[in-house]
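Undergrad: For the record, the sequence lines run as chains P and V.
Under the numbering used here, the first residue of the first sequence is numbered 1, with each subsequent residue one higher.
Under the numbering used here, the first residue of the second sequence is numbered 1, with each subsequent residue one higher.
If you're looking for bench data, these hints aren't it; they were derived computationally from the structure.
Treat the hints with care, since some could be wrong.
[Claimed, not checked] Derived EDC-like pairs: lysine to aspartate or glutamate, alpha-carbon spacing no greater than 16 Å straight-line:
id, chain 1, residue 1, chain 2, residue 2
1, V, K63, P, D557
2, P, K63, V, D557
3, V, K107, P, E500
There are 2 protein chains.
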Amino acid sequence: MIRAFFVAGAFAAGLLGGVSALAQSSADLINDHRTPGDVLTYGMGYNQQRYSPLAHINRGNVKRLVPVWTFATGNALGDESQPLLHGGVMYFTTSRSTFAIDAATGKGLWRHDIEYDPDTLRTICCGQVNRGAAILDGKLFRTTLDMHVIALDVKTGKEVWKTQSDDYKLGYSMTVAPLVANGVVIAGVAGAEFGVRGYLEGYDPESGKKLWRLWTVPAPGEPGSDTWPKNDAWKVGGGSTWLTGSYDPELDLVYWGTGNPGPWNPTVRAGDNLYTSSVLAIRPKTGQVAWHYQFTPNDPIDFDGNNEMILADLKQGGQTRRVLMHADRNGFLYVIDRTNGRLLAANAFVDKMTWASGVDLKTGRPILSQTTKDYLAGNEVELWPAVSGGKNWQPAAYNPETGLLYANTLEGGWLVAPAPIEHKPRAIFFGVKVAKRLWSDDRGILKAIDPMTGKAKWRVPRAVPSYSGVLTTAGKLVFSGAMTGEFTAYDAETGAKLWEFQTQSGIIGQPVTWERDGKQYVTVASGIGGVYHIHGGDARLRNVPTGGAVWTFALFD
Amino acid sequence: MIRAFFVAGAFAAGLLGGVSALAQSSADLINDHRTPGDVLTYGMGYNQQRYSPLAHINRGNVKRLVPVWTFATGNALGDESQPLLHGGVMYFTTSRSTFAIDAATGKGLWRHDIEYDPDTLRTICCGQVNRGAAILDGKLFRTTLDMHVIALDVKTGKEVWKTQSDDYKLGYSMTVAPLVANGVVIAGVAGAEFGVRGYLEGYDPESGKKLWRLWTVPAPGEPGSDTWPKNDAWKVGGGSTWLTGSYDPELDLVYWGTGNPGPWNPTVRAGDNLYTSSVLAIRPKTGQVAWHYQFTPNDPIDFDGNNEMILADLKQGGQTRRVLMHADRNGFLYVIDRTNGRLLAANAFVDKMTWASGVDLKTGRPILSQTTKDYLAGNEVELWPAVSGGKNWQPAAYNPETGLLYANTLEGGWLVAPAPIEHKPRAIFFGVKVAKRLWSDDRGILKAIDPMTGKAKWRVPRAVPSYSGVLTTAGKLVFSGAMTGEFTAYDAETGAKLWEFQTQSGIIGQPVTWERDGKQYVTVASGIGGVYHIHGGDARLRNVPTGGAVWTFALFD
Chain P
1 MIRAFFVAGA FAAGLLGGVS ALAQSSADLI NDHRTPGDVL TYGMGYNQQR YSPLAHINRG
61 NVKRLVPVWT FATGNALGDE SQPLLHGGVM YFTTSRSTFA IDAATGKGLW RHDIEYDPDT
121 LRTICCGQVN RGAAILDGKL FRTTLDMHVI ALDVKTGKEV WKTQSDDYKL GYSMTVAPLV
181 ANGVVIAGVA GAEFGVRGYL EGYDPESGKK LWRLWTVPAP GEPGSDTWPK NDAWKVGGGS
241 TWLTGSYDPE LDLVYWGTGN PGPWNPTVRA GDNLYTSSVL AIRPKTGQVA WHYQFTPNDP
301 IDFDGNNEMI LADLKQGGQT RRVLMHADRN GFLYVIDRTN GRLLAANAFV DKMTWASGVD
361 LKTGRPILSQ TTKDYLAGNE VELWPAVSGG KNWQPAAYNP ETGLLYANTL EGGWLVAPAP
421 IEHKPRAIFF GVKVAKRLWS DDRGILKAID PMTGKAKWRV PRAVPSYSGV LTTAGKLVFS
481 GAMTGEFTAY DAETGAKLWE FQTQSGIIGQ PVTWERDGKQ YVTVASGIGG VYHIHGGDAR
541 LRNVPTGGAV WTFALFD
Chain V
1 MIRAFFVAGA FAAGLLGGVS ALAQSSADLI NDHRTPGDVL TYGMGYNQQR YSPLAHINRG
61 NVKRLVPVWT FATGNALGDE SQPLLHGGVM YFTTSRSTFA IDAATGKGLW RHDIEYDPDT
121 LRTICCGQVN RGAAILDGKL FRTTLDMHVI ALDVKTGKEV WKTQSDDYKL GYSMTVAPLV
181 ANGVVIAGVA GAEFGVRGYL EGYDPESGKK LWRLWTVPAP GEPGSDTWPK NDAWKVGGGS
241 TWLTGSYDPE LDLVYWGTGN PGPWNPTVRA GDNLYTSSVL AIRPKTGQVA WHYQFTPNDP
301 IDFDGNNEMI LADLKQGGQT RRVLMHADRN GFLYVIDRTN GRLLAANAFV DKMTWASGVD
361 LKTGRPILSQ TTKDYLAGNE VELWPAVSGG KNWQPAAYNP ETGLLYANTL EGGWLVAPAP
421 IEHKPRAIFF GVKVAKRLWS DDRGILKAID PMTGKAKWRV PRAVPSYSGV LTTAGKLVFS
481 GAMTGEFTAY DAETGAKLWE FQTQSGIIGQ PVTWERDGKQ YVTVASGIGG VYHIHGGDAR
541 LRNVPTGGAV WTFALFD
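Only chain P is shown next, with the shape it has when bound in the complex (with noise of 0.2 Å):
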């Protein structure tokens, strides 16, 4: 359903007319990470590295920040959504809707509604978010909670093409924000927590075709089904792919997640479970697995392997390494050499950690505690970090001048136990008794990690935790938001809080910072919602409204 925006004179289609919305190619996706006048991927590069090479704004005048314009969603399930900018449009996001906003002025151009039957929500494990699009050649990639991949003109906001990915009956629901590689829209499910077997697709971005389709979880007799029981374990064994892939063009590899093997309880699935919880490289054209890297063997605690993976160059002995940096929700920062998979660095981001002791370097397997063995022993244990992770889905950012890693982490941990399990269709598919979720006193930090180390040059604590994402910039900035509304600039060398706005809703959503004409604009989503918001029981969020909006920032001149 496209409807146009009729509100007097603020919504006129004929401001299209007023800005380029031309087709952008594959090579300008290459190059986002560079063109601050866009914003054309998940990450803001290929390398999602979250970071801008604009100073305009920086730690001198940052001060100066105010809103220059607000737009709201009128969704009130939680903005997770990254914006993309293209030609001076803007666009957004919701798991109901998709918004072209005219981004010098903050006037709605097109929308473009999705409605759902209510029997699709019932398998949302963790909110009926949806956290972005992609784009290509005049066309706007995005995902639906009832499994379609849909193909927007970004010039109207009329569908071009809808492919059905799979049946939602199955447990499967579809958040991720597509990514384009080498002329293939590449789209993961999620739906681990409802027993699904997880797959990634690549699409034709031309007609939705499906191009493949790659398995996370091996069949009897495939590469890697030796690390399932002999049953039909593999046919639930999850490995879902909810989070967007990172990509390098000139190894022509595409880095994506995989999640928990199902059901959580470790005990009913001997062995490692191979693909889930890992790494996969991808050939994006054909879907092959080049290498993969397995975070969490036999994953014991939902820990998945989808955070998101940043790609860098970075220095070890000497040499310059192409690295890719995964802060996983088990807890440890792993650099891994991008090239071939081989582990490079892999310690503790996170203060508390009693589920292993580390990584073996030489193995890349962690070092299981007596703790965990006790626990796939059958016993109730004190295990940390917790389900949510030393760091959920809020993706981290990366600045090279300042060679740190900002992530908002996690520090929590749990008193858990296996328990039977069955799987039913459509039903949890957990198989763990939780007798209590704990907490350190800051529930999440902000910290500037060194990826070789783990260490924090800073932190910041925050007793609420954030599950908003972070950018940072050549202004040395690092601007992030919190649930309880505020949005915030620090200075990324020190940590210190150098501007600050209360939004009206709670940030879980991903900042991005963008140029026109001269000018650097920070824009962020603010409407709370998601994992944390749902099942987090945290009163201090009560009474925090819910969304959303876009918010606009600029300096004051």
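Place chain V on chain P using the hints.
TA: The following block gives chain V in isolation, referenced to the frame of chain P:
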């Protein structure tokens, strides 16, 4: 029910230590229009001029206005309320909540919530709104949709007293901001759309005890009863008192408007129907009427007489007159000698008027058109203005420096005929058949009106009419909002648009300005709702998201 804010750090009861929330006196209320550090009364002064002597923000620098904080109320039902400000604390009401907000930062200090039996809401005709609070001696007074007046402790939000005014099941409701005059809390009722008999009441601010009730429709034998048919019509005769009156402390007279007679159909209630669609000059201590003036005898069109009464000193023929100005829904702008109720001027302020050709200055009565006479004879006719009036409740502002009244007018009519009507408890009490709603191309116009002639010095046409209040300042500025979200500053002398900001919802609130530590602030609530939004069927508002939020702006420095 009182709830403290728990949001981490953002909301701290301790903040009250940083602001002085001293009790304020009757003298403070009398001086409110001269003391811009506080906003203690509905209308920014007993005279309801909505004029501020502040000029820090002026025509030269208003373009530097930026939002400094926003406070989300979580109210999606329309924000028509005017904020109050005292001792560094802002008080804001919605139909269900009262908020105390730190004016410096926008952080919540306390909130008080009201829960309604859903049955209460059956007889709310025009939006579940509230228009604001009154304040005296450390207590905040407000009304509730279910017919209570309550007093809250300004420091804690705890309820001090709660008095039931009458039974909502009779069709009554309360949305009005109370008036504290000469130490009495005065509050009126709505309900003439549901067959009530209107009244106004005075309460003791200390105890909540009722001091007096003034019926606006006389019982048989009482003065004015001869203006009603000799049947039971008076029992359901209307005359609601749903907008706050103004007060002249020197004359000790409160000027309070009364609403339409019931039912709308005038043919079934022959006579002038006193004291409906009138202004009553009342002694606040006793509720006694000193004089009355009826704007629309036998009100044929639900014009009401409730619109605000703005008090000023105007020159007429070399003489300074203590006047009351009133832009009635019937399309005439009345200037009345407020010492005695004598009519000084009454001129049309709308572009099109067909119901009357003028007002006879000697008798004070409208000169009915043939069209209206045809209507009274039972025929279908085209009448301008229509039920929503030439101006609805949205209060105008008067600037003594320009001598102009700034009002958001409505330019509409209807094709209508009387229809049979019988009173049934809790049922709509109209008795008209509307064949068609008619509008000028510009449904509303912000006009700068000469009070003595009704002529506009300048006009800003609006395709979607504005139901926002107006504010004017010594900075020669006029502020008002739009239901499409824009908050705008105009040059008070020319109407030139000088500044605008897009809030996230539609503005139907009442802007105020105030100062703190030598800095001037402008505050307005944004949250669409109200009668036009609900009943107007305006497709251009379909995509405006519901609010609400309190926005505070200041000059960037």
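Undergrad: Look at each hint and say if it fits the structure.
TA: Hint check:
no.	hint	result
1	V:K63 with P:D557	10 Å, holds
2	P:K63 with V:D557	10 Å, holds
3	V:K107 with P:E500	13 Å, holds
Violated hints are absent here; each numbered hint is respected by the structure.
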